[in-house]
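Fit chains B, C and D with the ligands to the given chain A structure using the hints.
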Amino acid sequence: MKKLLNDPGRVVVESLAGLAAAHPDLLEVDLGQRVVRRRGGTRPGKVGVVSGGGSGHEPLHAGYVGVGMLDAACCGEVFTSPVPDQFVAAHHAADGGAGVVHVLKNYTGDLLNAEMAHDILRAQDVDALEVVVTDDDVAVLDSTFTAGRRGVGATVLVEKLVGAAAEEGRDLAACAALGREVNARSRSMGVALTSCTVPSAGVATFALADDEIELGIGIHGEPGRRRAPLQPAHDVAAALLAPVVEDLALRRGEAVVVLLNGMGGTPLIELYLMFHEVRSILHETRGVTVARSLVGNYITSLEMAGCSVTLLRADDEIVRLWDAPVATPGLRWGA
Amino acid sequence: MKKLLNDPGRVVVESLAGLAAAHPDLLEVDLGQRVVRRRGGTRPGKVGVVSGGGSGHEPLHAGYVGVGMLDAACCGEVFTSPVPDQFVAAHHAADGGAGVVHVLKNYTGDLLNAEMAHDILRAQDVDALEVVVTDDDVAVLDSTFTAGRRGVGATVLVEKLVGAAAEEGRDLAACAALGREVNARSRSMGVALTSCTVPSAGVATFALADDEIELGIGIHGEPGRRRAPLQPAHDVAAALLAPVVEDLALRRGEAVVVLLNGMGGTPLIELYLMFHEVRSILHETRGVTVARSLVGNYITSLEMAGCSVTLLRADDEIVRLWDAPVATPGLRWGA
Amino acid sequence: MGSVRDDVADLTAFQSWIAETSAELDEHAGHLTELDRAIGDGDHGTNMARGFGRCAELAGEEQFPSIDAYLKKVGMTLVSTVGGASGPLYGTFFLRFAGPLAATDDAGVHALAQGLRAGVDGIVARGKAEVGDKTMYDTFAPALEAFDAAAVAGSPVAECLRACAEAADSGRDSTEPLVARKGRASYLGERSAGHLDPGASSAALLLRAAARTLA
Amino acid sequence: MGSVRDDVADLTAFQSWIAETSAELDEHAGHLTELDRAIGDGDHGTNMARGFGRCAELAGEEQFPSIDAYLKKVGMTLVSTVGGASGPLYGTFFLRFAGPLAATDDAGVHALAQGLRAGVDGIVARGKAEVGDKTMYDTFAPALEAFDAAAVAGSPVAECLRACAEAADSGRDSTEPLVARKGRASYLGERSAGHLDPGASSAALLLRAAARTLA
Ligand SMILES: Nc1ncnc2c1ncn2[C@@H]1O[C@H](COP(=O)(O)OP(=O)(O)O)[C@@H](O)[C@H]1O
Ligand SMILES: Nc1ncnc2c1ncn2[C@@H]1O[C@H](COP(=O)(O)OP(=O)(O)O)[C@@H](O)[C@H]1O
Ligand SMILES: [Mg+2]
Ligand SMILES: [Mg+2]
Ligand SMILES: [Mg+2]
Ligand SMILES: [Mg+2]
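Protein chains in written order, with full-length UniProt numbering: chain A, 1 to 335; chain B, 1 to 335; chain C, 1 to 215; chain D, 1 to 215.
Do not take every clue at face value.
Listed below are the simulated EDC-like cross-link pairs for lysine to aspartate or glutamate, each with C-alpha atoms no more than 20 angstroms apart in a straight line [to be verified]:
| no. | chain 1 | residue 1 | chain 2 | residue 2 |
| --- | --- | --- | --- | --- |
| 1 | D | Lys73 | D | Glu62 |
| 2 | D | Lys73 | D | Glu34 |
| 3 | D | Lys128 | B | Asp119 |
| 4 | C | Lys73 | C | Asp105 |
| 5 | C | Lys72 | C | Asp105 |
| 6 | C | Lys72 | A | Asp119 |
| 7 | D | Lys73 | B | Asp119 |
| 8 | D | Lys72 | B | Asp85 |
| 9 | B | Lys2 | A | Asp211 |
| 10 | C | Lys72 | A | Asp85 |
| 11 | D | Lys128 | B | Glu115 |
| 12 | A | Lys2 | B | Glu212 |
| 13 | D | Lys72 | D | Asp121 |
| 14 | A | Lys2 | C | Glu34 |
| 15 | C | Lys72 | A | Glu115 |
| 16 | C | Lys128 | A | Asp142 |
| 17 | B | Lys2 | D | Glu34 |
| 18 | B | Lys46 | B | Asp171 |
| 19 | C | Lys128 | A | Asp127 |
| 20 | C | Lys73 | A | Glu130 |
| 21 | C | Lys73 | A | Asp85 |
| 22 | C | Lys72 | C | Asp10 |
| 23 | A | Lys46 | A | Asp127 |
| 24 | D | Lys72 | B | Glu115 |
| 25 | D | Lys73 | D | Asp10 |
| 26 | A | Lys2 | B | Asp210 |
| 27 | D | Lys128 | B | Asp142 |
| 28 | C | Lys73 | C | Asp10 |
Across the chosen pairs, the derived CB separations fall in these ranges [claimed, not checked]:
| no. | chain 1 | residue 1 | chain 2 | residue 2 | range |
| --- | --- | --- | --- | --- | --- |
| 29 | A | Ala228 | C | Arg54 | 40 to 50 angstroms |
| 30 | A | Pro229 | B | Asp171 | 52 to 62 angstroms |
| 31 | A | Ala228 | C | Thr12 | 54 to 64 angstroms |
| 32 | A | Asp7 | B | Asp171 | 31 to 41 angstroms |
| 33 | B | Arg39 | D | Glu190 | 40 to 50 angstroms |
| 34 | B | Asp235 | D | Glu190 | 18 to 28 angstroms |
| 35 | B | Pro325 | A | Asp127 | 37 to 47 angstroms |
| 36 | A | Asp119 | C | Glu62 | 17 to 27 angstroms |
| 37 | A | Asp142 | B | Asp210 | 36 to 46 angstroms |
In short, the hints are calculated from the structure, not lab data.
C-beta: ideal position from N, C-alpha, C; glycine also.
Next up, chain A with everything else stripped away, as it sits in the complex:
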């Protein structure tokens, strides 16, 4: 394993210490609980927005704490959901008196730990709590034979848009409803060119031959749905888009927000190239317009090479909230 770290057991806390030192203007970090909160806390009367999950997906989630996005985030070990105490602490850190929306990704571990946290919060007489679960990954069948679709790229979009709505002063129910709506309008699909190595495991999670790619990859280095031969970017883009466009039932003339997301080890030059392919296919083959886009490493899987495509069916309101100011380490414009 070749990584810039000291002790595999201390990667998360040492990295959070760096995040805190790099962004003292935006956030504060409780290294004990590994909870990151917006500098100065949640504005009284504003709905709090919280997220949390395993680490290794940076900038998600801690890097999205700041104006216009999250009020607090809690960070589990690498690829391991936070424990209930952390969700509880993040909730309190984000509570400005108007309730808190928890954005969760649909994984058994995340949901079980969050559920226990919510039990604890309810026992503390905290009732103003809403949960939005993202499950946008079309690589996974959403059936009773699986744990349901995984939450991937849509999580970034939900956090941005719900963050903007909360900033505008929408109430708890409205923020939660928006989050669910954004998730329902989003689908994703990813591809890996290489695996990644969990620091505490020390070896790559899976192996790919030099001429193989893995289609339908998630964000935990877990193997995808099928192997395919290495192929031109155009064909990869088409393979990722087809199930996404179909599952969303996108029609000609519709507009989307596109997240062309790098998995961590793929350089920007390739991501922009892939975005060019994705946009061309959407425009020319599908008759779909790109209203807004985001190209870069936004929800990663350590140093995995590869990318994912997330499409969100757009409308004027979504575009307006998208354009609202955001100032976080990982996403920033207008502020």
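Same frame as chain A, now just chains B, C and D with the ligands:
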């Protein structure tokens, strides 16, 4: 070679097409010349700021075109300096009537091509042209036995700060003087954990064993000054910092801007961890304060794993210009 | 058959169970993580070793007034340190296990059977797994049945626990051919077949340790 | 010794030179890039093949009134397509080469010697290299000397070019033990020794092609 691309010969132009599509609000791309210019052009009377170099360092340079940074950039093939025609076209694209500063990195190819471009421009009666050459890499001895120190991380800082000065309305000479001053106050040192593969070459530029790192790496996949065993992040940080701090002759009580830069294949979780180490050493061992910092992939070497540290001796004026608004694909705040 | 006095597990025995499990997890963390790399995300061994490692320290740090107080603390500690899917599941197992033992300082066959059943019910309540889903429940379900069967037949604790551990091993092995329907492995569909489930494997290890320490 | 008429290079011969160089570069691009990977950045072969490939197309696209017009166009094309350090250097070589040939349609020994000298001087004017710096100049310098020596001795073009190409090969080989003092390889310090210089290698290939085509 495992990359998301179609034809190695078309990587740059296809990636630029993606950049253009992703940031129509910020920039325009001339795909023929591979010149990126600020959307709407340079404000009349503002000094233009131009940069250019080989591709493969994204977001540098094209990703720094926008308000508060570059007016235009030209993009060579991967790791190959642009040709003179491109520098000429970028100059014209950036010319708002108040002259143009060219920010160049100190490499033989970049300087020779730019020189020929400047000959052409002078033949066109263009006189208001200043050149700032960055050469901040302490891994290379600056002697008559080398081509001089390489320009690396300081380039990002020069582009940001000169861009801010130009935006404020400073004249050509003042912008160029600032650029030279910022370069003179900056030093860098890098480390590679893996090599990278130039698309047209198809094989890794160099090979490193699983337990080896390369210290003193540049940004072109060129081998560094020496091999060393893989070591804890703390020791890597110390090894990078020592020559930088010494060459800058930093004294206790001084303040710096820190760029903790990823080489492209190292995830943010490790970069923040490295920043934590760098900052701790600066604070605790050297008595040096971090006034501002930037942690992420800012000047890369394709998918190389590793990082570099750049220190810029700060003062109030530098911090003020640093905080000025910037709105580019690669660097954005306050706008 | 041992004496009545011998045929019970006291607080010290429960503390040994946790210590023994922690030692076993330290030794087999790499293997469990390897299983999790194949059909999951490669953290199960580390998660379990971290959590039980912390639990093993409890006995030296605090005086526990009763078995159930100790087991509750173990459960809470697991919940607070393991994370992932297994944290709440193993945590709940111990939190619920404590319930039926509230009134006793020495857990005999009956108390153990009740505790085990409560713990396993807790896992199902949280995780909603059924037998054949390729989860830790595929280990716990037959193990619980075997314990009960031995208890009903009047076997002493040691024998009940031995039957339980053996059934656990078989349960673990039964997961190999299965296609996962719960947890992370379910994403793999058919490709999850041909691998042991990591949680089923750690559960077998926990119940083996019980057989060695609770009687 | 050939006839006077045979002992000159006309426009067609110069076009063959470029075509031949392009073909050779296509064939050896991988090797040149490999040399550049060892002590540079791994683009030299691609850069050269791209530039000369474009130059080789010129003859079919345009009628050139004279050798010098053609060589100027080759130089400009190289400048506009190669990039890196070698683009301006090879470009300048051809732009300057054209100068002494301005008045002639058939370049004989004297004109070639003058063109070669002007071209090599151009490389030095741009790159400031000295012999021993481990650059393409280590090929060009002895090659030029050998051409001149053969010309002074009254040898025909073919022989001058052969001597030139042979000296070029030796010049290229001389770069292997050298520590680079110019260009990207200089960053490596002592570690640059033990490798052929990529530019010195492409220069030898260019001059070999000249020997095969200009006489
Ligand atoms: N719904 C469930 N019910 C019971 N056990 C489950 C369930 N989901 C997952 N598991 C168990 O959890 C194990 C994985 O644990 P672990 O790797 O620690 O968590 P994660 O999957 O979050 O990384 C699986 O091998 C399986 O035995
Ligand atoms: N100052 C110089 N003078 C002459 N030749 C040089 C000089 N600098 C570099 N070169 C030549 O250029 C070659 C490298 O060319 P190339 O790889 O195309 O450019 P780059 O180094 O910019 O990637 C070197 O092998 C060397 O022969
Ligand atoms: Mg996990
Ligand atoms: Mg180059
Ligand atoms: Mg796991
Ligand atoms: Mg080169």
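Does the structure keep Lys128(C) and Asp142(A) at a Cα separation of 20 angstroms or less? Holds, because 16 angstroms separates the two Cα atoms, which is no more than 20 angstroms.
For the pair supplied as a hint, Lys73(D) and Glu62(D), confirm whether the alpha-carbon distance does not exceed 20 angstroms. Roughly 10 angstroms between the alpha carbons, so the hint for Lys73(D) and Glu62(D) holds.
May I ask you to test the hint 40 to 50 angstroms on the CB atoms belonging to Arg39(B) and Glu190(D)? 49 angstroms, holds
Outcome for the supplied range 52 to 62 angstroms, where the beta carbon pair is Pro229(A) and Asp171(B): 58 angstroms, holds
Given the hint that Lys73(D) pairs with Asp10(D), test it: the Cα-Cα distance must not exceed 20 angstroms. Between Lys73(D) and Asp10(D) the Cα gap is close to 16 angstroms, so the pair holds against 20 angstroms.
Holds or violated: Lys2(B) to Glu34(D), with C-alpha atoms at most 20 angstroms apart: 18 angstroms, holds
Run the distance test for Lys73(D) versus Glu34(D): straight-line Cα separation, threshold 20 angstroms. Violated. Lys73(D) to Glu34(D) sits at ~29 angstroms, over the 20 angstroms cutoff.
Take the C-alpha atoms of Lys46(B) and Asp171(B), compute the straight-line distance between them, and say whether it is at most 20 angstroms. 8 angstroms, holds
Hinted pair Lys72(C) and Asp85(A), Cα distance within 20 angstroms: At roughly 16 angstroms apart (the allowed maximum being 20 angstroms), Asp85(A) and Lys72(C) satisfy the hint.
20 angstroms Cα cutoff - pair Lys128(D), Glu115(B): 14 angstroms, holds
Can the suggested window of 36 to 46 angstroms be confirmed for the beta-carbon pair Asp142(A) and Asp210(B)? 40 angstroms, holds
For Lys72(C) and Asp10(C), compute the direct alpha-carbon distance and say whether it is at most 20 angstroms. Between Lys72(C) and Asp10(C) the Cα gap is close to 15 angstroms, so the pair holds against 20 angstroms.
The structure does not agree with the numbered hints 2, 19, 20, 32 stated previously, though it agrees with the rest.
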